[in-house]
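Colleague: In order, the protein sequence lines correspond to chains H and Z. Residue numbers for the first sequence follow my numbering, beginning at 1 and rising by one. Residue numbers for the second sequence follow my numbering, beginning at 1 and rising by one.
Source of the hints: derived by calculation from the structure; they are not laboratory data. The hints are all genuine.
Result set (BS3-like, lysine-lysine): computed pairs, CA atoms no more than 27 angstroms apart in a straight line:
| hint | chain 1 | residue 1 | chain 2 | residue 2 |
| --- | --- | --- | --- | --- |
| 1 | Z | K18 | H | K464 |
| 2 | H | K467 | Z | K18 |
| 3 | H | K467 | Z | K32 |
| 4 | H | K467 | Z | K74 |
Sample of chain Z residues facing chain H (criterion: CB under 8 angstroms; computed from the structure):
| hint | residue |
| --- | --- |
| 5 | K18 |
| 6 | K190 |
| 7 | S195 |
| 8 | L196 |
| 9 | N198 |
In this text, a Cβ means the ideal position worked out from N, Cα and C, and glycines have one as well.
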Amino acid sequence: MLSQWVTAVLLVLAFGLFSYNFWKLLQIILAGASRDVWNAYHLRLKAVIDQVVLHKKLFRQGVPGLIHFLIFWGFVILSAGTLEWMYMGLTGGGKFDFLGRTGYGLFLLSQDWFNSFVLAAILVAFWRRLVVKPQRMRDNSSKSRADAYFILALIGGLVATSLLCHAIEIQNYGDKALPSFQVFSSLLAGVLPELTTGGWIYQASWWLHLLIVLVFLNYLPFSKHLHVILAFPNVFFSKVKARGELSTPDLEDESIEEFGAERVENLPWTSLLDAFACTECGRCNEFCPTASTGKALKPKTLMIDLRAAATRRKSLYQQNIEGNAALAALQEETLVPNTFSDQFVWDCTTCGACVEACPVMIDHVDAIVEMRRALVLNRGSNPDEATNVFRNFETSSNPWGLSEESRQDWLVQQGVPLFENSEDFDYLYYIGCAGSFDERNRKVVDSVIKLLKKAEVKFGILGKEEKCNGETARRMGNEWLAQQMMQTTVELLNGKAVKKVITSCPHCFNTLKNEYPAFGGQYEVIHHSEVLDSLIQEGRIQPKKSVSDSLTYHDSCYIGRYNDIYDQPRRALQSVSEKKLIEMPRSRDKGFCCGAGGGRMWLEETTGTRINANRADEIIQSGAKRVGVGCPFCMTMITDGLKSKEREDIVVQDLAEVIAEAVD
Amino acid sequence: MTLKIGVLVKQVPDTNSKIQLQGDQIDASGLKFVVNPYDEFGVEEALKTKEIWEKAGQKVETVAVLLGPKAAQKALRDVLAVGLDRGVHILDEEGKASDPKSVSEALKTVCQEEGFHLIFAGKQAVDSDSHATAQMLAEHLKIPHVGVVSKIDFEGKEMAQVERAVDGGSKEIFKLKLPALITANKGLNKMRMASLINIRKAAKKEVKEVPLPSVQADWKVRSWSLPSERAAVKMIEGDMNTQAAELVRLLKEEAKVIGS
Chain H
1 MLSQWVTAVL LVLAFGLFSY NFWKLLQIIL AGASRDVWNA YHLRLKAVID QVVLHKKLFR
61 QGVPGLIHFL IFWGFVILSA GTLEWMYMGL TGGGKFDFLG RTGYGLFLLS QDWFNSFVLA
121 AILVAFWRRL VVKPQRMRDN SSKSRADAYF ILALIGGLVA TSLLCHAIEI QNYGDKALPS
181 FQVFSSLLAG VLPELTTGGW IYQASWWLHL LIVLVFLNYL PFSKHLHVIL AFPNVFFSKV
241 KARGELSTPD LEDESIEEFG AERVENLPWT SLLDAFACTE CGRCNEFCPT ASTGKALKPK
301 TLMIDLRAAA TRRKSLYQQN IEGNAALAAL QEETLVPNTF SDQFVWDCTT CGACVEACPV
361 MIDHVDAIVE MRRALVLNRG SNPDEATNVF RNFETSSNPW GLSEESRQDW LVQQGVPLFE
421 NSEDFDYLYY IGCAGSFDER NRKVVDSVIK LLKKAEVKFG ILGKEEKCNG ETARRMGNEW
481 LAQQMMQTTV ELLNGKAVKK VITSCPHCFN TLKNEYPAFG GQYEVIHHSE VLDSLIQEGR
541 IQPKKSVSDS LTYHDSCYIG RYNDIYDQPR RALQSVSEKK LIEMPRSRDK GFCCGAGGGR
601 MWLEETTGTR INANRADEII QSGAKRVGVG CPFCMTMITD GLKSKEREDI VVQDLAEVIA
661 EAVD
Chain Z
1 MTLKIGVLVK QVPDTNSKIQ LQGDQIDASG LKFVVNPYDE FGVEEALKTK EIWEKAGQKV
61 ETVAVLLGPK AAQKALRDVL AVGLDRGVHI LDEEGKASDP KSVSEALKTV CQEEGFHLIF
121 AGKQAVDSDS HATAQMLAEH LKIPHVGVVS KIDFEGKEMA QVERAVDGGS KEIFKLKLPA
181 LITANKGLNK MRMASLINIR KAAKKEVKEV PLPSVQADWK VRSWSLPSER AAVKMIEGDM
241 NTQAAELVRL LKEEAKVIGS
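Isolated chain Z (complex conformation) (with noise of 0.2 angstroms):
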């Protein structure tokens, strides 16, 4: 029998570009999208994992899963040109799965007809931040999952020691018993190159589009606004004793800071 195993992405801005707002709403014109670059770690595990499991005779599948609108479906492409097998696109054009809950809702159902054995994820998405998805989801289907991994070792097929950096330079090590979910961090691994033989192998691969299953969202970010610009830097000139009188005024006076 095949195991499947199940990688979600997600794409998002690349942090590299400038967010410009049109009104109170981003114009997403002028940005470049890219695969969030904490499923990278997830695809990598994933190939990795098949690759380990397959070396002892296992069959596995590797599955991208993916919510979005029709244009995100490019970094499900481009996960595939990496190297995982095929790609299901949960399609929301409109942004109806707006928060956390109700994407987990939607990854559910895919999930649970998927049947997965196993399940990356970044630890969390680098635009809206929530940390909040991959672990719901582990919730819905009631599977064990761990947090921010940055090593994995598998013990056979069924069982997995993890490990994540805490505080304080400590590490905590879990065993946990398959199915489960487990979402990465800096560090696991590096996402491979996709080669270009994958790129073209990848036009090819299966992406089979979804309608978005009936959820509800409970909130959506309704308007954006940008930092307001910072104020110039004020230079205090004079001696040591005049410039700290200045400093202690201009706390107390402009910005307010200090109490007189």
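Just chain H, same shape as in the assembly (with noise of 0.2 angstroms):
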């Protein structure tokens, strides 16, 4: 009776004191600016059956990804065992035998099977630690690398001691502990001396056992472990609409006197669900191409500084004492430079990587485009490169300032159609300003303009019409022009009843496809490399000859990554190529960014090792000859990346460049 009356206590006072401080969590998260999330009830649901029951992220590494699993889905598994084990707890003895022989023989023999994998895991999750070391782990501070031995050690002294108890159990029960369903307690039975339920190891493992159980919830809401608990609202609540669509601020409220998140409150509650879900794990940085080359920017310290100044924050606002001089601080201290550094926030490529990897759907890129609007529409704060880059979208509507007058003349002169009405055309073919400027990307905009005729398809161009669609001053920050330049090119393109656009350059296609729709602007919207691989597999295009040189393929993030497209390139490529493409070990989903991404493309990368020469040290190493790409940043990029290296040899060509030469 006595026991029955200790383990009652216990369990409402560890249920009390996780509830208070599971509480106190939640304001701090809940502090964050509203974000509407009750919506796409299906596709929220699929997110969680993908990730949280399927563990599809976390599989893109398989051995960690299959031990997760399994400690998982013990962890689900077992938590019966523990509710079978406060039951026994509270009624002294009774168990879920109530569920039949056969039906409580299943129950058994998943706790038995569980408890093993889980024991089994667990000991090869402390091997990777202690032995293997993977680099995302041993950039772990020695708090969180502590919080993770504790953590394996608390999973892992409750499944040994739910062994040891029902190995001892089938040792005085014998049958009625139905032996049978429990293949390795009755293997430990067998090797174990004779003990009793009622002698001390018995009744102190069954104690330990409990303890453990609670000693975990309470210290659940202080460690990386929460995301025992946040990892499935953080994944429900994550970006529903298109990866690449940003946030679309209302500008024009007079009543707004501060944009994007000055402070940590005026980010959305979401960013800071996403913080508290952070299991530190470090599969972002692992993939992002700043924290790849040294510089201040990592997508696990963006989540676990957030964390530390919210919770910080929020402790310092529940004192709100009037006149108080460490809260007016407080009330000053903004996300940058308080917490973040400039170039911390700068830094980022928005790439997607560490969206693309984080196992608990974490968008950091959302969060930063957040910080960065904050810095350029308050306070007019970004590198100078920046502001010259603004200013020719403002007067030139072009990152380079060159004369409207010029855009696409080349084209014009050749007698390439100007689209003037979706009677005439199919498409328009929205070239862009690196493709109607630079001078290398042009000759990437001669070959798809060669491939399209040859196909016969029926598109025009917008010539000097055309005008930058704002993408790249959005992902800086600079929503004001964004959203003027955003509108500009609806109009343009509504005027002329626009409905199909092919486009050259993935973050013209992005943001058209993604982002225009919320400014009006509804088109179908297609990439080149998709068009080629139609009219090829159409056989409109027929190649008369196929490329001998080793051939590789770099993805573009923004076709890639944020819009799922990484057959259709290397289907094109492939089919004008002798030799299989090369696959570089960081391809497709894990493919490594360019460095021009988020606007870096304008800014200096004077921090760290270069992203580019990073990306070009793999291309040299996959042997091929030569590099297709579907960007014309990239183009710049690995080009100037493999010239850095002394690597001119190796040819970097739009996919468009190599099947138009196979055509001829």
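Join the two chains, each given in its own frame, into one complex according to the hints.
Modeller: The structure is reproduced here in structure tokens:
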């Protein structure tokens, strides 16, 4: 009877304490700006099934994925065992045997198997941390590492005590304990000396198991293992609209006096939830181009520091004493520079490798853009090079500040038709600034046009009427300029009743496709790699010869990770290549950014090693003689990267050029 | 007491836009107008100076002064959006102040009224390129001035050490006592971005419109003409000797740049 009372009191205390701490945590998270998440339930549910139930992202890396899958499902199934444990404590020995012999047998079987799996997985996890030491774990702080060992030890303790207790029960109760359903516990019972359920070993193990459960529960709110609770809601509340669509603040609203995320609480609460759901696993850093080249920005640090800042801010706010100097100082504190440096915020290429890698669906990029917005819109504080490029967009609607009059004049002189209305044309070929002004990328446009003509596609261009679509300004935080540019292009395109758009630049592609609908521009947007692939498939482009050089393909982030276009460019390239396309280790959804995204194309890269040089090394190691790209900025960055490695013998070509060469 | 910093601002056609004529007058309809790029350096320097002095506990007000037609007021709003505190617009709808002398006289009236402790201007306006207005203004105001400055260090609020590049990569360094006028060259700084918040605030900032004082212009541009089209390039064919002979003949007979 006493033990029943002790169990009850322990449970009430443990759950009470947990609820209190968790409530405090929720308040910190919900202090963030509002965000409507009560929509698109089917998509949210799908995300939960994919990421929580099936662990899709975790399985990007096989062994660690499998270990986590076992621990996770073990955890879920063993939680049922934990309930039985509590029931046993409260009833003085009751079991779930009311499930019937078969039912309870299966229950015991599940517990027995998963206790064993989890024990094995825990041992492998220790081995990885102590022996293998993958880079992303070596990067962890000592606190983070201690946290991991402590939690692993707790889980290990849980399953070990459970196995031991079940084994002793088998020794004592024989067939009544259903040993035939408990293979591993039976084995253990066989090798152990005879013990009794009344003996101190059983009793100590039983209480230890319960205590570990309660300690674990109360340790969670202070540990990175909070993800056990928050991963599920974080996945459920993660972004359901296109990853490439940034939020659209109302800049006309005169009541708003600060834009973007000037302070922690300006970030949407979902970003703060992100910060608390972060498990510090480091997969983001592993794939991040800036973290991989020794720059200030590390996506994991973003989350850890955000969490610390939010916690500190909330705890001081709760003191809320009039005239409190610390509080006043705190109110003045801003995310930049108090939590993050300018460099940190401007480093990001918005490539989305971190977002793609994160098993709990954290969105680092949107949070960074919100901070850039605060810097640009509220303070006019941005790198000097950014000022230049904003200027150029303003005066000439292209990043170089070249005369708008000369946009696409060489094509108009060649007689490429101007898109006047949708009756005469099936497609608008929206060339973009790089294709219009950059010498090298003009050649890509020539190839695309040649192929479109060959396939008798009815298309027109905008000539000097074309404007920059605002993508870069938007990702550089200049939302005001970006919205004007976006509206201008939407008006232009709608005025011509454009329905289908071909783009050559993945950045144009993403913005036209994913961001224009919010501005009233609904178009079917197609990247030239998709067009060329389908024209080849349909036989409208027939390659006459094939490329004998070994070829590899460099994924552009904005068609790849942002829009899942991986196969089309590869298939198109493969169709003109004699040899099988070489895949680099970092390809497809793990593709490594060239370093130009997020406006980085226009900013100096002065810290760490160069991102494009890092990628160039990988290209060189692949042994390919040619690299196919599908983006004008990748073209520039990869070419420069190879040049810096004195490997100009490796040819960088847009896939359109490779195909055009084979068609001649 | 509040110290006032004046910034002279002119609206000019964007040098990127193509000048077109209607008869012998400039057709302004196709032109894009911007703040004179050299004046931007003056704007930024005024803001920086204000920051430095205010950190030292001195209250500072920055005032943009512009002369031009009503439509030119946009340039004034633009620099207010960058952060200057208020503007004075000397209205000259008909372009009566047509030369540096008359403009500087008009500016003098306003500057005297305002009592600027320091005046910044661009080293020149990129439309008429006179290089004269700010210098004349300093003479009218009888204050020291240094032009084409690329570095400024203040010693307190009364002295400034300024630097300007002269031929051959050497530098001239001046010390001047305030009140003074400084014209800015490229390299002095880079004007900051107008943040959206400041653009909004700018719409509410004070712009005082004053009539053009009676000034006497000595000259006015009466007519404009575009440079004649460049003739097409002529390629000379043949071997080295023929080419040389032909080149000499052409230079003599067609271009008439060498004598016979």
